[in-house]
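Chains as they are written, first to last, in this note's numbering: chain W, 14 to 499; chain C, 2 to 480; chain G, 16 to 110.
Do not rely on the hints blindly, as some may be mistaken.
Taking lysine-lysine pairs in the DSS-like style, the calculated list, with each CA pair at most 27 Å apart, reads [unchecked claim]:
1. G:K21 to W:K425
2. W:K424 to G:K90
3. W:K425 to G:K33
4. W:K420 to W:K104
5. G:K21 to C:K27
Hints in this document: simulated from the structure, not taken from any laboratory.
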Amino acid sequence: MHDKTLTELKAGLTAGDFSSRELTEHFLARIQQYDGELNSFITVTADQALAQADAADQAIAAGNQGLLTGLPIAHKDIFCTEGVRTSCGSKMLDTFIAPYPATVVEKMAAEGAVMLGKTNMDEFAMGSSNETSYYGPEKNPGDLERVPGGTSGGAAACLGARLAPGATGTDTGGSIRQPAALNNITGLKPTYGRVSRWGMIAFASSLDQAGPMGQSAEDCALMLQAMAGHDHRDSTSLNETVGDYLGALKEDISSLTIGIPEEFFPDTLDGAIADNSRDAIRELEKRGAKVVSVSLPSIKLSVPAYYVIAPAEASSNLSRFDGVRFGHRCGDPQDLEDLYKRSRSEGFGDEVKRRILVGTYALSAGYYDAYYRRAQQVRRLIRDDFARAFEKVDVLMGPTAPETAFKLGAKKDDPVSMYMADVFTIGVNLAGLPALSMPTGFINGLPTGTQIIGNYFREGQILNVAHKYQQATDWHKQAPVFGGDQ
Amino acid sequence: MSWEVVIGLEIHVQLNTASKLFSGSKLSTGAEPNTQASLVDLGMPGTLPVVNKEAVRKAALFGLAINADICRHSVFERKNYFYPDLPKGYQTTQLAEPIVGAGEVEIQLENGEKKTVRIHHAHLEEDAGKSLHEDFHGMTGIDLNRAGTPLIEVVTEPDMSNAEEAVAFARKLHAIVTSIGICDGDMSQGNMRFDVNVSVRKPGAPLGTRTETKNLNSFRFMEKAIKLEVERQIDVLEDGGKIVQETRLYNGDTHTARSMRSKEDANDYRYFPCPDLLPVAISDADLDALKAAMPELPDTRKARFMADYQLGEYDADLLSGSIATATFFEGAAKAGGDAKLAANWVMGELAAKLNAEEKDISDSPVSAEQLGQLIARLKDGTISSKIAKQVFEACWAGEGDPDAIIDAKGLKQMNDSGELEKIVDDIIANNAPQVEDYRNSDDAKKKKKIGFFVGQAMKATQGKANPQQLNKLLQEKLQ
Amino acid sequence: MAIDSKVVAQVAHLARLKVDEADTTALSNRLNDILAMVDQLQQADVADVPPMAHPLDVTQPLRDDQISEPNVRDKAMDIAPAAEDGCFLVPRVIE
């Protein structure tokens, strides 16, 4: 049952092949059995899941099915879930029971989804390996000595290990796409503003975007259909009509033009990584797509621009964690300064503190123009590069990540090298574009992914391109040998 | 050699919207702590702000009222600092692109001259919560009901040169914001709070180091605090000392001020555009609609009072200075049918009484209609001005409308000449020596001495005699 | 623009983070590595390029001035680390 896609499980529920309770119990049992080793969940909400499953079974019996009725999914622990701990992977929020639900959680529940639990993540979504989590590193199901990527590493790993058939993630600089690539699953970062950020604990507000993660592009389309839409509580969520994402999968792609940014295939790139993505592009070419070369000259500055903008916004967003109204508070504070400094220093891990310091520095008097303002200018150059490319092409493609899953601890002492894990994904966040990562083969048994970047609000198109590829190939169907039962 | 004083003001004006600037919480007035603080106001993780349309409209209306440029794409920024009453660790405010640009306000000085105070800009921002120091056994309690309340901060150029000018400006600003209906103007509730920047210098010298005295919430305290600070700075400088740039706190009860040490350590607010909010657009159509709906401004009203009611400039200025006073005056003038009398009563008896009891005109126990009725009775000769004061007192004490009071107390002026004639005859008969004395006096002395008989007659009639009629009768009978 | 221990201390204070003296050297090295990477931004020709705060050129939606939020005090007090009589408690604030 766990090897089926969300779409197949939906059909099974509708046909009465199994109940939502059976399905939910099956996944809960798998989590119980395997997650001790994998550590992909921070919190498992078994009782709540079973209650939701029973309600879903009644809804199905009554012929009252929503988009996701009875389908188990896992939420990244960055989304507020009312009455359930929402830790954001941090000691700071270890005891934080959210007093309200995130819009994403609410919308998916309204469509009948069953929440299995909350997945592990880098602390406050800062990292590229899931090693910054207060709850311990999460492991790659394909190789337990390797990282699953980050920051939605728990989501990607539980999908890879088939502990859940669908999951939500968030992507600020590649946090959906990079772990998707490293765990052989499909993940979509929608256009900035497509999915509401209400109830999603902010890292870098102008870059953060929630999206679906699943076994296939079709599953992602199904979940996005439930997640997307304007939210009056999020000023930056866009009042654009939500597309018919499942319908888009039926469209023809023979007139598609794919752009290959030369910057995504630098000389320094691992040849095997480049080959896997080139093969994937060739596969689409065979199906009628035209391929042209394009250039994004400013993209080389995306990592430095990102590592100013994201920490700057984070330094301000994380100021609310001060030990006063919620979250960790130090014992016996001597005075106000002591309360602030000890609560924050005890509550935040090293990477979070580093980024707060970098961001504070970048915004401080005398450095604002040289760092923050300049990064925002570079951001415009990067967006303009993409805009020029999209005058000529429909989608852009290239590798998602410059390398396969690395060993746990390999980059722990080298933040800059860790930051380079997101070199191909970050530009998309700066520009606010939608992009998807899909499995496109293995190197030494480790999965690689290829990214498809679309123009604003063209989620349907990029899902369709990935879907066409997945109809022709079966890389995405390969689950890692994990737990000895696959 | 004398010192020159340079004063600039920053005024926080609380907008009278129904809900907060960034959330749908009700604006708090004395509610139980934290009962009007929503998830957004509490800074809960994952919450986001959405801008209140009415707050934007009111800020733009203010801009138009002071002839300022309205920014077509104003930007909210974050001012980052830690303080327990600041739940998000930053205040959402405006800096580089405030909604209201440079404007100006004209003030009337006591010597009759006018002065223009330039407004540097005015921006929209959210208020902080409150720290409560009582009842928490040595700890401080945080109440976030006020957090997120919409304010506009009006920043002047340093154009005022004494406390009186600063107060005149503050009063004028109060008149403007209450006239256009964007602020309730209740100073006791902190609806307007003043920060004053003061420096002194020798004429012609560059600007001196300034200090900022924060959170003055009455015109009186503002005036006293400025005078105190000017004296302090001059004393320091004349003793050869230096002025330290600092924030000071004025205590109105003790009339003392001190430096606020806790806020002294050089803050670096790390302003940057708030990534949760987008630029606020204001279109030509929006501005046209605002201009069309602009209520009467104090200056226009003053000109109208001078033209329509033949009031002098000083009187017109006083009466038009607050929307409450202006409305009261116009109500009384209309009901009483005499603007001049209404003006005298509002500025005289009423003002004195309000002042003595520290009441605002909006809380006056005598309504505009009641004062109008009183004026009408005065004008038609039903009562004398002396009796009118008595009626006013009774009305103030809640004894009813003037007409009812006049009836109940039998205060109607005695206009029946037969009755009055009899009283005058009695007085003349009973005061032979005084009559004799009067008749032997010259004209100038007679004018003085008739007062005795008037007094006797008023006593006998309990003040109800019509003074003109009485005078005429006495002059005839004493001939 | 190298970061030394003194700058680390200043920035840490602004951010209300406690940095142990023993860690400041290691931390300033790390931060300098990051800044060295970030300094690539100085190569960019950004003359006349307006800063971009948001990916899309859209303006702020405005909310009608209506009271829509319920009283959440009980929920807030339940998760507050220190509270009394409906207020959050902090060590005494001296103004």
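Taking the hints in turn, this is what the structure says about them:
1. G:K21 to W:K425: Roughly 25 Å separates the two Cα atoms, so the pair holds.
2. W:K424 to G:K90: Since the Cα atoms of K424 of chain W and K90 of chain G sit roughly 41 Å apart, the hinted pair is violated (cutoff 27 Å).
3. W:K425 to G:K33: holds (21 Å)
4. W:K420 to W:K104: With a Cα-Cα distance of about 24 Å, the restraint between K420 of chain W and K104 of chain W holds, given a limit of 27 Å.
5. G:K21 to C:K27: violated (45 Å)
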